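Undergrad: Residue numbers (this note's numbering), protein chains in the order written: chain S, 1 to 991; chain U, 1001 to 1095; chain G, 2001 to 2416.
Just so you know, the hints here were simulated from the structure itself, not pulled from any lab data. In this text the structure is predicted, and so the values were computed from the model without any measurement. We put the CB at the ideal spot given by N, CA and C, even for glycine. Wrong hints could be hidden among the right ones.
[Stated by the list, open to error] Covered stretches of chain S, as calculated for chain U (at least 3 residues, CB under 8 Å): (1) 730 to 742; (2) 871 to 884.
[Said to hold, decoys possible] Some chain S residues close to chain U (C-beta under 7 Å, calculated; not the full set): (3) D249; (4) H250; (5) E696.
[Stated by the list, open to error] Keeping only pairs whose Cα atoms sit at most 16 Å apart, straight-line, the calculated EDC-like set for lysine to aspartate or glutamate is: (6) G:K2138 with S:E926; (7) S:K393 with S:E381; (8) G:K2217 with G:D2033; (9) S:K286 with U:E1055.
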Amino acid sequence: MTGRFRIPGGLVDRTQPIGFSFNGRELSGLQGDTLASALLANGQRLVGRSFKYHRPRGILSAGPEEPNALVQLHRGARLEPNTKATVTELFAGLAATSQNHLGSLDFDLLAVNDLLSPFLTAGFYYKTFMWPKSFWEKVYEPLIRSSAGLGRLSGEADPDHYDKGFLHCDLLVIGAGPAGLSAALAAGESGARVILADEDFVMGGRLNSETHAVNGQPGHEWAARTVAELAEMETVRLMPRTTVFGAFDHGIYGVLERRRDHLPPLADGSSDSRQPRQILWHIYTKRAILASGSIERPIAFTNNDRPGIMLAGAVRAYANRFGVACGQRVAVFTNNDDGWRTAADLQDKDIDIAAVVDTRSLPDGPPIHLNARVPIHAGEEVVDTRGRRGITKLVLASGKRVRADCLAVSGGWNPSIHLSSHHGGRPVWNDNIAGFVPGERHPPNLSVAGAAGGSLTLGSAFREGTAQAAAVLDSLGYPPSRRPVPEASDEPAAISAFWHVRESRGRAWIDFQNDVTDKDVRLSHREGYRSVEHLKRYTTLGMSTDQGKTANVNGLAAMAKLSGRTIPETGTTVFRPPWTPVAIAAFAGRSRGRDFRPVRLTPSHRWAEEQGAVFVETGSWLRAQWFPRPGEHGWRQSVDREVRTTRNTAGFCDVTTLGKIDIKGTDAGTFLDRVYTGTFSTLPIGRVRYGLMLREDGIAYDDGTTARLGESHYLMTTTTANAVLVFRQLEFARQCLWPDLDVHLVSVTDGWAQFSVAGPHSRDLLRTIIDPQHDISNAAFPFMACSELTVCGGCAARLFRISFSGELAYELAVPARFGDSMIRRIAQSGLAFDAVPYGTEALGVMRIEKGHASGNELDGQTTALNLGLSAMVSTKKDFIGMTLAKRPELNRKDAVRLMGFIPVDRAAPLAAGAHFLARDADPTTENDQGWMSSAAHSPILGHDIGIGFIERGHERVGEIVRAWDAVRGRDTDVEIVSPHFLDPKGDRLRG
Amino acid sequence: MIINHPLLGPRDAAEFVHLGDAAMIDRPDWQAKDAAEAFHDYLYLRDNPAGTYRELWYHEQGDRSWLVVIRDTITHDIKNVELARDHARRRGRSR
Amino acid sequence: MAYSAFRIFRESLTGNRGWKPVWREPEPRPDYDIIIVGGGGHGLSTAYYLARNHGITRVAVLEKGWLGSGNVGRNTTIIRSNYMLPGNQPFYELSLKLWEGLEQDFNFNAMVSQRGVLNLYHSDPQRDAFVRRGNAMKLSGADPVLLDEAGVRKLCPFLDFDNARFPIRGGLWQPRGGTVRHDAVAWGYARGADRRGVDIIQNCEVTGFLIDSGVCKGVETARGPIRAKSVAVAVAGSSSRVMAKAGIRLPIESHVLQAFVSEGLKPVLPGVITFGAGHFYVSQSDKGGLVFGGDIDGYNSYAQRGNLPAVEDVCEGGMAIMPMIGRARLLRMWGGLVDMSMDGSAFIDRTEIDGLFFNGGWCYGGFKATPASGFCFAHLLATGESHPVARQMRLDRFRRGKLIDEKGQGAQPNLH
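Could you build all of it, start to finish, from the sequences and the hints given here?
TA: This is how it looks when you write it as C-alpha cells:
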C-alpha cells in the first residue's frame, strides 16, 4: 500500500511503488508522485518549521510557489537544502529530511520564538541589541544567525557535474499548459522551429490537475496526445523538467534543464559519473510566448498557517493528478467560483466536504451545485483555526466551529507574470481578476497567452495560445496554421476581491515562510514604512525562497487597506530573475577547480616537466619558476645557482609568453611613432629598439622591444601581462584614430617559440645552433641587432640581441612547432658551455640586479618620469599620451623616482611592499614617501636588494631611510642607491 | 546581448569588449592652442546619456573589428552597428 | 522616540500600538539653507551630519522615489578600509570608524557586523601589492593582517586549496571589515536627520536647477521650485543625468553592477571573502543568504539589470574557490546603477557653478563610504573647505593630473 490517503484515479502508476524516506522513516509512493504528494499520501502533514517563529508547517501548494514544505535531500556532499517537496519528483531511495529546527521536527525547541512573538515583531532587531556595543558580534548576532537560515550546506565540494549549452529557435514557448500546448501545436505544424519548455516532469500544466474536457476527451488525455504529436514534429523540441528562469536582452533566455534530479544519484567514479546533473541553456529566440499560467493566493486569517490548510487548487491537484486526499474531512474557504471546483471534484471522489465558506453573499445561489448535505456558509469568513500540528477545526465569524482536517483556501489567482517584468516593466492591475497582469514594457519579442495574461478560463487559454502562435508565424513569414482551436468549456470565473478577514487578536500570515503577518504590515504602516519597497524591506515580505509568489499581492492589499489607497496606488511588484532558484554550480558549469580557466603552456613545457621544474601561474600561462637539482634544499639555492651560472657561463629561459605583434605596411613606422614615446620610423632594418608605450592619460602602459625586420615590417614585443591589451589598443589606434594608415597587425605570440640565451658563453653556445653562414660576431651582430636566419640546418628562425638580464644575451625565436626541439637542442648544446635553464625567479632576480622595471613597477600608476625613462619621451611629435603626460601634478619636483635600495645591515632581508619613511618620522599617511616595488636576494652582491619609488629619489642617493613593513613586522634602514646594481655602464651586454 | 556585426552577422556580445563612448574616435589635435584642455575633455568627460548612446565595441574573440554601436542605455535595444573605421572616416579621420 | 529593549518590551504589552512613524512626511517649504538632491545613503548621511555636526537643520532632502531606493538598498553591504592610495585610504578609515560608532550615535541597529574581510592572493606579485596596500592601511591606522596559506586555511578551511587553477597562497585580512544591514543605514540616517529637523521629501524629483548669473539658487521639482543657499547633489548612478540639467559634464559613466543572493542557509562563512584571481566576493547575511557579486557587466546602462555572462563569470569564481556552495541556489539577481568614475575614485567637491556641490563617482564601492561621504560633504557644505581626508576627491584632479587610480587602469571606467 502506498499510503492511507491514496484514493483511486490520477496519473500515478500504481504498478510502480517507490520506496523513499522522510526523517529516516521508510515510506512508499508511486511513479508519478512528487515528494509532497507521496508525503500527503502517507499522512505526513507536518513537513517543516517556519523561518522565525518555528511554527509547524505542512504543504500549502502543489507547485513552485511552495513556501512551507522545504526539505533537505540526499546525504553527504550531495546534501541539498531548501528543496521544495512540491516540485521534487519522487525516485527510489530518495532521502528527505526536515530542516530549521532544534531538536526533532515534532518538538522544535526554537518554537519558543512563537511565544515571544509580541517582542519579535517586524524589524524589532533594528531597535535593540545595541548595548553593550561589543555584544553584537559576540552574543546577539551568533544567536540570530544560528536560529535564522534554513537548510544546511554539506561543507563539501559539490560532486556533481553541470553543463552549459546554446540553443536557437524561432519560438520559445514557456509553459506546456493549455495555452503553451496550443501555441506549440500551431507553430510546430507550420514548420517553425519551436522549443516547448516546462518545469514539470509531465507536460500539460493544470490540464493534469483538473477535470475539464477538451475536444470531448479528458483534459489530461488531450494533453498527453498533444505532447506525443509534438514529439513527432521535426522542428519541435520538447523540454520537460526545464525551467525558463530569466528573460535577458535581445531574446536570450536563461533556462535550466534538470537531467538527473529525478534519478538516484550516480555513484562517484561510475562510468557515467561525469553526466551532467543539470544543464544551463542559453536559448536564443526570435519570439517567445509566456504561457506560465497562474498561482492561487491564500487568504489572510488568524492561524491560517497550520498544516492541512492548503490552496484549494492544490487540494484538487493532489486528488485529480496524484490520487491523494489531503484530508478525510475537507472544508473550502473561497472568495471566487474556482474554490467551488475543489469541493465538487473532491465530492466526486467521495471525500467528505465539511463546509464551503464563501465570503460572497451568493444571492443567485452556489456557482456549482454540491450534494445537498454539504453545509454552505455564504457571506461568511473563517476567522481562526485550531490544531497544534495540523488543523482540526475552523472558526467562522459567526462563532460557529467546523471540524475539518483540511482547509482548502482560494483567494483567487495571480497570473505568473514574472518573466514579463524581467526587463523592468511594471505590471498593471486588472480589476476583473483582482490581480496584476503584464504591463506594456515587457521584453521585446515576448507575448503572453492564457492565465499568465489574466485570461483565467481554459477556453481563453486555448484561444490565446493559438492566436499568439499565429501572430508569431505571421511575423516570421511562416504559413498560418490551419489547426482549429481546441474546444473546452469556458467557465466564467467570478471573483470578489477579498484579502483579509476582519482584524482579530491573533496573527494572520501573509508571507508564510518568513513569518510576516498582518500585524507586521500594520506595524510597518504605523512606523511610516509605507512604500511597497519599505514594506518589503522592513518586514522581509516576499524575500523568502519563494520570492513572495503567494505573499506579495496579499501584502500589498493589506497595506492598501491600511493606507486607504487602491492596490495599484500602493504599488506594484516587480520581479527579478530567476523565476525559481537555480543552483550556483549550474551557472558555473565546468569552469571550476583546475578547469576554472584555460591553461596556456609554453613550447618548452614538456621538457621543463622532464627536468623537474617547479611551475608558477603567470596570468593564464604556466611557466617554469625554477629548476631544482638533486641536493638543493629550498628554492633559494636553486635560484641562486641559476643566476650565478647564467652570469658566469650561460643560462637559457623560455620567454615565449611575451606578447609578439607582427606589424606590416608602408605606414608601419609612422604608426609606431604614434603609439610609442620614441621614434621607430628611423630605426634601421636589422636593429631593435626599446619602446615605452603610454596610455592616453600619460601614464606608462607597457614596454618592450620592437625590431625592424624589413622596410615595412616590424615585430613588437609586449609584456606577458599586457599582450592582449596592447594588441587591442593598437587595433583601436589603427581602426579608429588613423583608419587610412597602411598598416596591419597580427598577434604572433603563439606562433613563435622564443628563448632567451644569456651569459658570457651565450654567443658561443648559439654558434653551435645557428647555421654557420650567419655571422653573429660582436661586430656583425652587435647589441640591439636582429636578423631573420636559419638554425639546425635550414630551419627558419629569428635572432634578437637584447638583454633583460644585463648579460651578453640573445633571444632566439623559431616557429612554435619547433619549440620543444629547440629547447632540447639548446640544453644539449649548452652542456659544453655549462649552461643551465633558469626560471622566472632567476629572471626576476637578474632584472632587479639590473634595475629593469617590470610589472610591479609598470603598475598603471607610474609615469616615465617616475620610472627614470624621461629621456625616452619625445617632445617633438604626437603620440598617445603625449599631451596629458605634461599635466603639472604628474611632473612635480617631488615626484617619486625609481631607485635602488640596499639594507644598511647587509644581512637584513628586504621585501616588496614596504613603504619608505624618513628615519625620524612617525608612521602616518602624511609621512609616506614611497614604496618598495620589487626585492630579491642578489647572489652576486651577497645581500638583499630592492628597487622602488621614493620622493625625489634621484637627489637623495646615499641617504638612509626606513623601509617600513609593518604587516610583516619589519622596519629596516636602507640606503638609497642607483637602481642599476650591476654593470651600470652596460659593458657586459655589449661585450 | 547580441550585436549584429556588419561583416559576420549576429554575434553574442560576450565575444566583444566594450570600450565606451564613440567620441573616443575624435582625438584632438596635439598642436592646437587649447590641446591640454581639449585632451582633458576628450579623455575624461562623458555625456553618459540615458537613452541613445553611440559606443565602441571590439570583437576580441572574433575578427578584431572595432564597431560603433548605437544602443539605448535604458532598454539595451541596438539600433545600428557599423565598422568603427567607416565611422571614423566620416568623422574626418584619415592618416 | 528612542529605541531600546525596554521600549520593545513596553510596546509589546500594548499590542505594539505605540510606535510612531520613523520620519515625518512634510510638504516642501519654499526655501532652505541647503537642499540635498538624492535621498540615498550619501544624501541622508549628509543631512544627518549637517544637523549633528554643524547644527544646520534648515535642510531638505529631495528624493525622486522612496528614500533609500538607490544603491544603498541594492548593494552587497560590505564595509572595509583596505585601500592603497593616500587619496582614498584615510577617508575609508574615517568611514570605518564612523561605522563603528554609528548605531549608538543614531540609535538604530544597522547590524554593523565586523566579522572581517579577507582578500585572497594567488601569486607573489599579488602578495607584494597586498603588502604595499596593507602597509598603507597601517599608516592610516587601519588593521591589516597578512595571512599565509596556513593562516587562510585556519580561517576558511572550506576553500579549495588542493584543486585550484589559481592556488590560494594567502590573504590580506581586515578584522574590522564586515557587513551592515544596508536598508537600515538609510533608515537610521533618515530617522536621525528627521528628528533633528531635516525635511525628507519623497516622490519629489528634481527637474532643473535655478541658476542665476552662474549662481545656483535652488531647484525646480515636480512639486514646484524650492530655493536654497546651497544645493548638494548626491545621486550616484543618476549623476550625469542630474548634473546635465545644470549644464555640467562629468568624468563619470553609468554602468550596471549585478549582485546576487542565495536561499537562506545555516551559518557557513566567517566574514567577507574575496577571490583574487577572478571576480567573486561573498558574505553571509544574518538571515542566512549568501550575498555575492563580482565584476560589472562592462557596458554603459541605466537599465538596472544585467545579462547572463556576468552572472556566470561570478558563479564560476565562486565555484573556483568554494565548491561547497554549488548546491546552494541563487535566489535573486539584481542590477545597481553605479557611477563609475574615470580613475575609480570618488568626488566630493564644489562645481564651477557657485552654490552647487557634487558628490559622486563612487563606482561600486559607495556603500562603505556612506558615513564618511556624508560627514565630509557636510563639512564642505558647512565650512566651504574640503575635509582633510577628502582633499583629493576633487573634480579638477584630471585636469591637474592628480589621479587616484587604485587599480592603475587609466581613464576607462569599466576596468575600475
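Undergrad: Would you mind marking each hint as holding or not holding in the structure?
TA: Hints and how they fare:
With 9 residues having a Cβ less than 8 Å from any Cβ of chain U, the region 730 to 742 of chain S passes the three-residue criterion, so the hint holds. Chain U is given as covering the region 871 to 884 of chain S, and this holds because 4 residues of the stretch bring a CB closer than 8 Å to a CB of that chain, at least three being needed. Look at D249 of chain S: its Cβ gets to within about 4 Å of chain U, closer than 7 Å, so that hint holds up. Restraint check, H250 of chain S versus chain U: the minimum CB separation of about 4 Å is within 7 Å; hint holds.
Because the closest C-beta pair between E696 of chain S and chain U is about 5 Å apart, less than 7 Å, the hint holds. Taking the CA atoms of K2138 of chain G and E926 of chain S, the gap is about 12 Å. The hint holds against a cut of 16 Å. With a C-alpha separation of about 14 Å, the suggested pairing of K393 of chain S with E381 of chain S holds against the 16 Å cut-off. For the hint pairing K2217 of chain G with D2033 of chain G, the CA-to-CA distance comes to about 10 Å; that is within 16 Å, so the pair holds.
For a cut-off of 16 Å, the pair hint linking K286 of chain S to E1055 of chain U is broken: about 25 Å separates their Cα positions.
The structure shown violates just one earlier hint, number 9.
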